[in-house]
Amino acid sequence: MSYEIINLVDISKTFDDTLVLDNINLYIRRNEFLTLLGPSGCGKTTTLRIIGGFEEPTSGKVLFEGKDITHVPPYKRKVNTVFQRYALFPHMNVEENVAFGLNIKKLSRNVIKEKVKNMLSLVNLGGFEKRPVDSLSGGQQQRVAIARALVNEPEVLLLDEPLGALDLKLRKGMQIELKNIQQKLGITFVYVTHDQEEALTMSDTIVVMNEGHIQQIGTPIDIYNEPKNAFVADFIGESNIVDGIMIEDYVVDFGGYTFRCLDSGFGEKEKVDVVVRPEDIKLVPPDQGMLKGRVLSVIFKGVHYEMMIESNGIIWKVHSTLMEPVDTIVGINIFPDDIHIMKKVKVS
Amino acid sequence: MKKSWVAYPYVVWMIMFIVVPLMLIIFYGTFERTPQGIEFTLEHFKRFFEPLYVMVLIRSLYLALICTIVCLLLGYPVSMILASKEYRDKRILIFLMVIPMWMNFLLRTYAWLTLLEKNGIINTFISFLGLPKMELLYNQWAVVLGMVYNFLPFMVLPIYSVLIKIDKSIIEAAEDLGANSRIVFSKIIFPLSLPGVVSGITMVYMPAVTTFVISRLLGGGQFLLIGNLIEELFLKSGEWGFGSALSIIMMILILFSMAIMSKYEKENEGGGLL
Numbered sequence: 043m044s045y046e047i048i049n050l051v052d053i054s055k056t057f058d059d060t061l062v063l064d065n066i067n068l069y070i071r072r073n074e075f076l077t078l079l080g081p082s083g084c085g086k087t088t089t090l091r092i093i094g095g096f097e098e099p100t101s102g103k104v105l106f107e108g109k110d111i112t113h114v115p116p117y118k119r120k121v122n123t124v125f126q127r128y129a130l131f132p133h134m135n136v137e138e139n140v141a142f143g144l145n146i147k148k149l150s151r152n153v154i155k156e157k158v159k160n161m162l163s164l165v166n167l168g169g170f171e172k173r174p175v176d177s178l179s180g181g182q183q184q185r186v187a188i189a190r191a192l193v194n195e196p197e198v199l200l201l202d203e204p205l206g207a208l209d210l211k212l213r214k215g216m217q218i219e220l221k222n223i224q225q226k227l228g229i230t231f232v233y234v235t236h237d238q239e240e241a242l243t244m245s246d247t248i249v250v251m252n253e254g255h256i257q258q259i260g261t262p263i264d265i266y267n268e269p270k271n272a273f274v275a276d277f278i279g280e281s282n283i284v285d286g287i288m289i290e291d292y293v294v295d296f297g298g299y300t301f302r303c304l305d306s307g308f309g310e311k312e313k314v315d316v317v318v319r320p321e322d323i324k325l326v327p328p329d330q331g332m333l334k335g336r337v338l339s340v341i342f343k344g345v346h347y348e349m350m351i352e353s354n355g356i357i358w359k360v361h362s363t364l365m366e367p368v369d370t371i372v373g374i375n376i377f378p379d380d381i382h383i384m385k386k387v388k389v390s
Numbered sequence: 021m022k023k024s025w026v027a028y029p030y031v032v033w034m035i036m037f038i039v040v041p042l043m044l045i046i047f048y049g050t051f052e053r054t055p056q057g058i059e060f061t062l063e064h065f066k067r068f069f070e071p072l073y074v075m076v077l078i079r080s081l082y083l084a085l086i087c088t089i090v091c092l093l094l095g096y097p098v099s100m101i102l103a104s105k106e107y108r109d110k111r112i113l114i115f116l117m118v119i120p121m122w123m124n125f126l127l128r129t130y131a132w133l134t135l136l137e138k139n140g141i142i143n144t145f146i147s148f149l150g151l152p153k154m155e156l157l158y159n160q161w162a163v164v165l166g167m168v169y170n171f172l173p174f175m176v177l178p179i180y181s182v183l184i185k186i187d188k189s190i191i192e193a194a195e196d197l198g199a200n201s202r203i204v205f206s207k208i209i210f211p212l213s214l215p216g217v218v219s220g221i222t223m224v225y226m227p228a229v230t231t232f233v234i235s236r237l238l239g240g241g242q243f244l245l246i247g248n249l250i251e252e253l254f255l256k257s258g259e260w261g262f263g264s265a266l267s268i269i270m271m272i273l274i275l276f277s278m279a280i281m282s283k284y285e286k287e288n289e290g291g292g293l294l
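Protein chains in written order, with my numbering: chain A, 43 to 390; chain B, 21 to 294.
Looking at chain B on its own, in the form it has when it is part of the complex:
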């Protein structure tokens, strides 16, 4: 291509905001300032393997996993309803799904605080019914709830966009060959929607693993996730070296799972990625 110069601004952008910061993170993670000067070290990576930090990672992966499963269980039926004949032309429902995403992420999450607080709306309602107030905030379920609420659209939209593209006559062909609705779903609709499911899982799991805002607000700082840990290392304790090492570990984990996902997606004839 002769016109490759049009890509130069983009290349510059990439170098400035992606390559350089990455190099910096790798540098901070693997070098250390000592009295003798700057030295190569793997100390930060070793430190990660202390049980305390491994636990934080496992907890992050675990909560993200639960969030993804809940999103899938809630999101798939929603996508099917949205893609069904009755709602196909009614964009309003999709619109309602997407509208909350236009609001600020923090605001959305703060809204849950008002709902779940000790004297919040839900507890007021419960005590109105004469039941004892419940501790709804500052536990891991509040964190999972916040994640599901925030990330559900990322599960629904890719699945929906794959479902809506399934040729109606394929479903009719299956019915014609003797398949009842259960078999149509398990043999036709679900297998054909797998690319959407895979990208939905990717799009929910990745941000869920690394979130730190939701866990700070709804978990009240009692549930340290890997995102919070990195944030604190950089902003509070100023341990940039260890923070960078953790970031690198996270990045490798994410790249690794993305690679598995995309391989799986290709086997299923891909497509459908939003």
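Next comes chain A alone, as it looks inside the complex:
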């Protein structure tokens, strides 16, 4: 039993001369909950479909437990998929849907019945066996789709934005339910989403993708606290991203002030991206601030206020539980811990 269950090696994919995936290298560890995260069109779904066998990569290899499965058709792979729009079989009831894979494996009728029953109770659909699938709500259909995939005891479960069509409250519930199921069964989950909060909530590992490239791979905490580049910082959570210049190691100039920071190893006078999370900006009386700014707008967001504060031509987004009225002059402090310096990347 190898530690890595799936390896994507130098995967590229083009559709009609458009490069969708550009040299993707990724390994997926056994029993982890891995999320492919990115905006639509970033190649995350294509990556998932290549693992599932629905697309063949233009070049590169897919390894499953070390064996090359690049050209193995989907029905011979030990992975199962939960599709974006559930893709339940409309002419079958709940039980027949869930039993579909087991019937193909020609298990005995009693075994099938037993497994289907257990699986349905795992997804809280006990007693729904004979219901036609189109009489179910979105959330219930979703759970049938999950049960239908899981009942085959796959080594890897692929989920393609499975909660996309559900309302917010149901999503939150299902996120926790999915995570519980994954931990209970100890199956590797590969999850595709564009919702960063969903990714942060459920994942062991997040793979941030953009325009066919992997931007960063890491735990949710790493990705949030140490984004590798401006794209990741912007996509995960909210950020202020401003231009800065590294004066020397541990000293950076941006926004009209020279800050101390924790980063080193940049060239002298190198232009960099500086990322500061809105909640990391501290508002103080004007005379105590590193920067002075004027409040442009205030929005109440529930837990905190979101304020836009203009200072030296830069507009800072600030989250704070204390409200400063519009047009107040405030001081802004940013401490070394909260300043993230990134090399400039050519973003097209």
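Please note: incorrect hints may appear among the correct ones.
[Said to hold, decoys possible] Quick list of the computed label-pair ranges, beta carbon to beta carbon:
(1) A/THR100 <-> B/LYS188: 18 to 24 Å
(2) A/VAL153 <-> B/TYR107: 55 to 61 Å
(3) A/ASP110 <-> B/ILE101: 28 to 34 Å
(4) B/LEU149 <-> A/SER101: 34 to 40 Å
(5) A/THR100 <-> B/ILE89: 18 to 24 Å
(6) A/SER179 <-> B/LEU116: 42 to 48 Å
[As the list claims (entries may be wrong)] Capping the alpha-carbon separation at 27 Å, the derived lysine-lysine pairs in DSS-like fashion look like this:
(7) B/LYS105 <-> A/LYS172
(8) A/LYS343 <-> A/LYS359
(9) A/LYS214 <-> A/LYS343
(10) B/LYS105 <-> A/LYS148
(11) B/LYS283 <-> A/LYS120
(12) B/LYS283 <-> A/LYS147
(13) B/LYS207 <-> A/LYS120
(14) A/LYS359 <-> A/LYS385
(15) A/LYS172 <-> B/LYS283
(16) B/LYS207 <-> B/LYS138
(17) A/LYS155 <-> B/LYS207
(18) A/LYS157 <-> A/LYS147
(19) A/LYS311 <-> A/LYS385
(20) B/LYS188 <-> A/LYS172
(21) A/LYS226 <-> A/LYS211
(22) B/LYS185 <-> A/LYS159
(23) A/LYS343 <-> A/LYS313
(24) A/LYS120 <-> A/LYS148
(25) B/LYS207 <-> A/LYS147
(26) A/LYS270 <-> A/LYS311
(27) A/LYS147 <-> A/LYS120
(28) B/LYS207 <-> A/LYS118
(29) A/LYS118 <-> B/LYS138
(30) A/LYS226 <-> A/LYS324
(31) A/LYS155 <-> A/LYS172
(32) A/LYS103 <-> B/LYS105
(33) B/LYS185 <-> A/LYS172
(34) B/LYS283 <-> A/LYS148
(35) A/LYS313 <-> A/LYS334
(36) B/LYS110 <-> B/LYS23
(37) A/LYS155 <-> A/LYS103
(38) B/LYS188 <-> A/LYS103
(39) A/LYS324 <-> A/LYS343
(40) B/LYS153 <-> B/LYS138
Just so you know, these hints were derived from the structure itself, not from any lab.
Backbone N, C-alpha and C define an ideal beta-carbon position, used for all residues, glycine too.
Using the hints, position chain B against chain A.
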């Protein structure tokens, strides 16, 4: 609805061209002029049960059945090809299927005469190869051929329109769960296409049972089908009473089979009727 008056022209039309003729047919079929005046009679219906006429009906049903089966066997694969990924965007093939339907029905059928004649194109080709000429026309296979040719699009289009609507991800889901292409077809594609198959069968079988042009031209009048019989009774021998009775019998048969079909279709979640 307040605006029900917009339906009046239609109602008038229905009464003039559907209800009145129907009543007339029923009247002609069940009443007879006798020296004493007009009397109710079931004589015409009794006459139908003579073996000669029952045979004509059975032959019509039988040939229509063969035609429908052939249409289904030919039409289903064609629909699948048309609905497949490679041809999905190429409307040209559908277009080619439909174009012959724009031509006059008689012309289309006459075209087969030129092909199948004793000195027609096919026989010329055969004798060119040094084989004896064949009797291709004026038998029941020529009639079936003509029916299949004329009615095939009515089988292909409803099946095609159902197949094209099947969600691709459902097929992928089946593959994902371990189904090879054979199982995908038998468990997913075919069951989901049944409404189309049912309406295809209806749309081919009904006109095939009642056709009289095809059997007259390609069957050379030697194969009397129920349609020909009715036509002759009305136009040649002037026996309107018996002709009407046969029409009523046909109508009942068709309504009956339509009822069975539509019931079946509903059970299969309907839809797909062109």
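Evaluation of the provided hints:
1. The hint said 18 to 24 Å for the Cβ distance between A/THR100 and B/LYS188, and at roughly 21 Å that hint holds.
2. In this structure the hint that A/VAL153 and B/TYR107 lie 55 to 61 Å apart at CB is violated, the actual value being about 42 Å.
3. Checking the proposed 28 to 34 Å range against A/ASP110 and B/ILE101 shows it holds: the Cβ atoms sit about 33 Å from each other.
4. Between B/LEU149 and A/SER101 the C-beta distance comes to about 52 Å, which lies outside the given range of 34 to 40 Å.
5. As the Cβ distance of A/THR100 to B/ILE89 is approximately 45 Å, the hint placing it in 18 to 24 Å is violated.
6. Separation of A/SER179 from B/LEU116 is about 45 Å and conforms to the stated range, judged on CB atoms against 42 to 48 Å.
7. With a CA separation close to 34 Å, the supplied pair B/LYS105 and A/LYS172 exceeds the 27 Å bound.
8. Of the supplied pair hints, the one linking A/LYS343 and A/LYS359 holds, its CA atoms being roughly 13 Å apart against a limit of 27 Å.
9. Using a Cα cut-off of 27 Å, the hinted pair A/LYS214 and A/LYS343 holds, with the two alpha carbons roughly 19 Å apart.
10. Distance restraint check for B/LYS105 and A/LYS148: the Cα-Cα separation of roughly 31 Å exceeds the 27 Å cut-off, and the hinted pair is therefore not satisfied.
11. Between B/LYS283 and A/LYS120 the alpha-carbon distance is near 41 Å, which puts this suggested pair outside the 27 Å criterion.
12. Pair hint B/LYS283 plus A/LYS147 does not hold up; C-alpha atoms about 34 Å apart against a cutoff of 27 Å.
13. About 21 Å separates the Cα atoms of B/LYS207 and A/LYS120, which keeps this hinted pair within 27 Å; it holds.
14. Between the alpha carbons of A/LYS359 and A/LYS385 the distance comes to roughly 22 Å, so the proposed pair stays at or under 27 Å and holds.
15. Taking the CA atoms of A/LYS172 and B/LYS283, the gap is near 22 Å; set against the 27 Å cutoff, the hint holds.
16. Restraint check: the Cα-Cα separation between B/LYS207 and B/LYS138 comes to about 47 Å, which exceeds 27 Å; the hinted pair is violated.
17. For the hint linking A/LYS155 to B/LYS207, the alpha-carbon distance of about 19 Å falls within 27 Å, and the restraint holds.
18. For the proposed pair A/LYS157 and A/LYS147, the alpha carbon gap of about 13 Å is at most 27 Å, so the pair holds.
19. Restraint check: the Cα-Cα separation between A/LYS311 and A/LYS385 comes to about 12 Å, which is no more than 27 Å; the hinted pair holds.
20. Only pairs whose Cα atoms come within 27 Å are accepted, and B/LYS188 paired with A/LYS172 is accepted, the gap being roughly 25 Å.
21. With a CA separation close to 23 Å, the supplied pair A/LYS226 and A/LYS211 stays within the 27 Å bound.
22. Only pairs whose Cα atoms come within 27 Å are accepted, and B/LYS185 paired with A/LYS159 is rejected, the gap being roughly 32 Å.
23. Of the supplied pair hints, the one linking A/LYS343 and A/LYS313 is violated, its CA atoms being roughly 34 Å apart against a limit of 27 Å.
24. Of the supplied pair hints, the one linking A/LYS120 and A/LYS148 holds, its CA atoms being roughly 16 Å apart against a limit of 27 Å.
25. For the proposed pair B/LYS207 and A/LYS147, the alpha carbon gap of about 14 Å is at most 27 Å, so the pair holds.
26. Between A/LYS270 and A/LYS311 the CA atoms are separated by roughly 20 Å; this keeps the pair inside 27 Å, and the hint holds.
27. For the given pair, A/LYS147 sits about 13 Å from A/LYS120 by alpha-carbon distance, which is consistent with the 27 Å threshold.
28. Taking the CA atoms of B/LYS207 and A/LYS118, the gap is near 18 Å; set against the 27 Å cutoff, the hint holds.
29. Restraint check for A/LYS118 and B/LYS138: not satisfied, since their Cα atoms lie roughly 57 Å apart, outside the 27 Å limit.
30. Taking the CA atoms of A/LYS226 and A/LYS324, the gap is near 42 Å; set against the 27 Å cutoff, the hint is violated.
31. A distance of roughly 12 Å separates the Cα atoms of A/LYS155 and A/LYS172; the hinted pair therefore holds under the 27 Å criterion.
32. Distance restraint check for A/LYS103 and B/LYS105: the Cα-Cα separation of roughly 25 Å lies within the 27 Å cut-off, and the hinted pair is therefore satisfied.
33. Pair hint B/LYS185 plus A/LYS172 holds up; C-alpha atoms about 26 Å apart against a cutoff of 27 Å.
34. Proposed proximity of B/LYS283 and A/LYS148 is contradicted: the alpha carbons are some 33 Å apart, above 27 Å.
35. Between the alpha carbons of A/LYS313 and A/LYS334 the distance comes to roughly 23 Å, so the proposed pair stays at or under 27 Å and holds.
36. In summary, the hint linking B/LYS110 to B/LYS23 is not supported, as the alpha carbons are separated by about 43 Å, beyond the 27 Å threshold.
37. The suggested pairing of A/LYS155 with A/LYS103 is violated, with an alpha-carbon distance near 38 Å, which exceeds 27 Å.
38. With a C-alpha separation of about 25 Å, the suggested pair B/LYS188 and A/LYS103 falls inside the 27 Å cut-off, and the hint holds.
39. At most 27 Å may separate the alpha-carbon atoms for a hinted pair to count; A/LYS324 and A/LYS343 meet this at roughly 18 Å.
40. Taking the CA atoms of B/LYS153 and B/LYS138, the gap is about 7 Å. The hint holds against a cut of 27 Å.
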